[in-house]
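**Student:** Spelled out from the first residue to the last, the chains are:
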Amino acid sequence: MKQPSFDDIIRKKADTYEAPVPADAWGNIVQGKKKKRRVLFFWWIVGLLLLGAGTTFLYTGVKEKTPMEGNYAVTETKELKENTSANNRKDRGDEATAIKNDFITDTTAEKGEKTIAQYDSNMQSLKDTINKNLLPGDAFTRTNLDPTTIHKKELPGKRDTKNKPEKNKKAFSKNTLAGNDLNVMITNAYAGNNQLTGTDKTPANENVNPINSHQDTDGSVDKTNTAKEVESEVNFTDANVVAISIFFPKTTYELPNSLLHSINAHTNSDLPVKIKTQHSRWKVDFGIAPSLSFRGSNDLMPLSRTILTTDAVTTFKADETKISLQPGIAFSIALRKKISKNIHLGIGFQYAVIKEKIFMSGTENITHYSIVKKLVNDNNGTYLVNDTAKAFSSGKRIINGLNSYITLSMPVIMQMEIFPHRFYSLEFAVGVYLNVLRNYKNSIQGNFVSNNTMLKETKKTTGIGVDFFSGLRFSTTLNKRIGMFAEPGIRFNLLKNKNSGSFNTKHIHQAGVGIGLTYSF
Amino acid sequence: MTEQEIIKGCIRKKAAAQRVLFDQYAGRMMGLCLRYAKDQQQAQDILQLGFIKIFDYIHQYKGTGSFEGWMKKVFVSIATRELSKRKISFDELEKADNATNVEDPEVLSKISEDEIHQLIRKLPDGYRIVFNLFVIEGYTHEEIASMLSIQPTTSRTQLLKARKMLQSLIAKQYNVITV
Chain A
1 MKQPSFDDII
11 RKKADTYEAP
21 VPADAWGNIV
31 QGKKKKRRVL
41 FFWWIVGLLL
51 LGAGTTFLYT
61 GVKEKTPMEG
71 NYAVTETKEL
81 KENTSANNRK
91 DRGDEATAIK
101 NDFITDTTAE
111 KGEKTIAQYD
121 SNMQSLKDTI
131 NKNLLPGDAF
141 TRTNLDPTTI
151 HKKELPGKRD
161 TKNKPEKNKK
171 AFSKNTLAGN
181 DLNVMITNAY
191 AGNNQLTGTD
201 KTPANENVNP
211 INSHQDTDGS
221 VDKTNTAKEV
231 ESEVNFTDAN
241 VVAISIFFPK
251 TTYELPNSLL
261 HSINAHTNSD
271 LPVKIKTQHS
281 RWKVDFGIAP
291 SLSFRGSNDL
301 MPLSRTILTT
311 DAVTTFKADE
321 TKISLQPGIA
331 FSIALRKKIS
341 KNIHLGIGFQ
351 YAVIKEKIFM
361 SGTENITHYS
371 IVKKLVNDNN
381 GTYLVNDTAK
391 AFSSGKRIIN
401 GLNSYITLSM
411 PVIMQMEIFP
421 HRFYSLEFAV
431 GVYLNVLRNY
441 KNSIQGNFVS
451 NNTMLKETKK
461 TTGIGVDFFS
471 GLRFSTTLNK
481 RIGMFAEPGI
491 RFNLLKNKNS
501 GSFNTKHIHQ
511 AGVGIGLTYS
521 F
Chain B
1 MTEQEIIKGC
11 IRKKAAAQRV
21 LFDQYAGRMM
31 GLCLRYAKDQ
41 QQAQDILQLG
51 FIKIFDYIHQ
61 YKGTGSFEGW
71 MKKVFVSIAT
81 RELSKRKISF
91 DELEKADNAT
101 NVEDPEVLSK
111 ISEDEIHQLI
121 RKLPDGYRIV
131 FNLFVIEGYT
141 HEEIASMLSI
151 QPTTSRTQLL
161 KARKMLQSLI
171 AKQYNVITV
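Protein chains in written order, with our numbering: chain A, 1 to 521; chain B, 1 to 179.
Note that these hints are calculated values from the structure, not bench results. Source: prediction; values computed, not measured. It is possible that part of the hints are untrue.
Stated by the list, open to error - If you want the footprint, here are the derived chain B segments under chain A, 3+ residues with CB under 8 Å:
{"#": "1", "region": "59-67"}
{"#": "2", "region": "76-85"}
{"#": "3", "region": "114-124"}
{"#": "4", "region": "139-152"}
Claimed, not checked - Straight-line distance between alpha carbons at most 25 Å, and here's what the computed DSS-like set of lysine-lysine pairs gives:
{"#": "5", "chain 1": "B", "residue 1": "Lys172", "chain 2": "A", "residue 2": "Lys12"}
{"#": "6", "chain 1": "B", "residue 1": "Lys8", "chain 2": "A", "residue 2": "Lys12"}
{"#": "7", "chain 1": "A", "residue 1": "Lys317", "chain 2": "A", "residue 2": "Lys374"}
Unchecked claim - A few chain B residues that don't get close to chain A, going by computed Cβ distances all over 10 Å:
{"#": "8", "residue": "Lys8"}
{"#": "9", "residue": "Ile136"}
{"#": "10", "residue": "Thr157"}
{"#": "11", "residue": "Ser168"}
{"#": "12", "residue": "Tyr174"}
Every residue gets a Cβ at the ideal spot worked out from N, C-alpha and C, and that includes glycine.
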């Protein structure tokens, strides 16, 4: 068995072999480890930043949502004196008499400032309901906070089961209620269906305990502390109606949004709340749109050109002409504004370039003129005079050119939200592009003449036209102010292009995808 | 510092223990890397990568077998992976001189470790890797086939040819004449 011995010897010798180690190996290993740690650290930082940015984005994104025309900013201004239960009762009583059971609808809230004091009679009823059912010392465990349970407890027999959103069961994460938790609970109930769109900077007198305050038999909130002048802002959406109906079902109260705004404020304070309408923001879109162009008609005509030089006349007559539109590109800027619940209107400018390839084949005749000396022999003798000699040549010429249409348009586009979402939306876009300026840049030498009367008539260098546009717009928000969009669409050219210098008249239709950024200001 | 202490220190990420481990095994591991690598630079890369992996995964060493054996497995694994990044040719080369066989233990024993090492490194990639894995590391043809994504028969033929080529190289170097 010689074979194993060969292998064994080789194995033994090779296995025990120690090679010199490069001097920098250890250093590189240490560096490699450090580098790896740095990479890990880097990704940790990136992760934390993303998490922070995401949280901020969610927070601010929620705040910015515009349910109708804009956010409702509830500004609570408190003038503080000593708030006693007697004062509160008195205040509420006065207001309740003034507008008893007069529920205000959404539309009135949108019209401008309105003091929420008008709603106090309703709020009183609301509070009475709470006071009746949320007794002091109640240990509100999480199961108690299940909206259904609360509902049963608060309003026996009046539950609006149809409007019960299941998601609200997760609304409150605390195990027990304490301090200002009623507020939090209501606020969380709003948020339970993930549609809370606001923030609640709790006023300074938040240490008022609405639960403990139920000790007042008359149901009023006893605030013995002296609060400072505070402003708080709360933004809500229509979604609140659904959420709050768990606590206060629609069968009992037809709560308008504006009244809901006051709930949070009133559980903190009984003081007047002003509602302001905050208008939707202007948005500016910066877009770039590559497109494919195709012509709707093909009025090819016999073309000829004549080039005159000092010593020749060149005449070309095309026997065959081929014109093909090439991909184009457009740059646009547009201002948009939300004009109703789900409609945006925008207007802007677009600069577009569409190339077209020209191929022409035909016969070219060249007549050369040259001055020669001619010997004249007449009565005056023999002498030389200038004369013109004409040389004629003919041949086939092929011309290839790349010309372009340069168009300045004013798009007027309406976008209808068909699938709105907090972070992205799908909109149907429709509108017109008013082509206010369209030039044709001809790179082929010479003036081409055609028999086409339409073309002959338009000697101006501009071609005004109108395009109809239709498309879908996918948009998403990147942060508080910046979003991005993609808008595949079709532009249908309604009026034929009759640009002077162009080789034929035609409709130029385009299909493309506009992509870009939106900035809200 | 015993091996156990070094390992424990490395598990705790003690730089001193890692340095001791490196000093203790770097030479042998460099030899291993050189046997697999095409050149010195690649061998150094494998060495560095191997030690980084060793330090990262040393806690996975169960202590059942020899620590050096475990380290070698890690290095071999890294080396084959690194070599697999570029295509290894397992083509059948023309034998340099298949008439010469050096199987005499006396002749072989006279050859130094360094010389053997250099001769192995002269083998073509495919031959060298299979030879290393089979003869020196003790992997089976099936395992080699799995590691290199080749057929076991390819591994066998590569080994056969590698062995013959190595014998031929030895014979040439030491003017061994077989009758």
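**Student:** Could you run down the list of hints and mark each one as holding or not?
**Tutor:** Hints, one by one, checked against the model:
no. : hint                : verdict
1   : 59-67               : violated (count 0)
2   : 76-85               : violated (count 0)
3   : 114-124             : holds (count 4)
4   : 139-152             : violated (count 0)
5   : B/Lys172 - A/Lys12  : 22 Å, holds
6   : B/Lys8 - A/Lys12    : 30 Å, violated
7   : A/Lys317 - A/Lys374 : 34 Å, violated
8   : Lys8                : 19 Å, holds
9   : Ile136              : 5 Å, violated
10  : Thr157              : 16 Å, holds
11  : Ser168              : 13 Å, holds
12  : Tyr174              : 14 Å, holds
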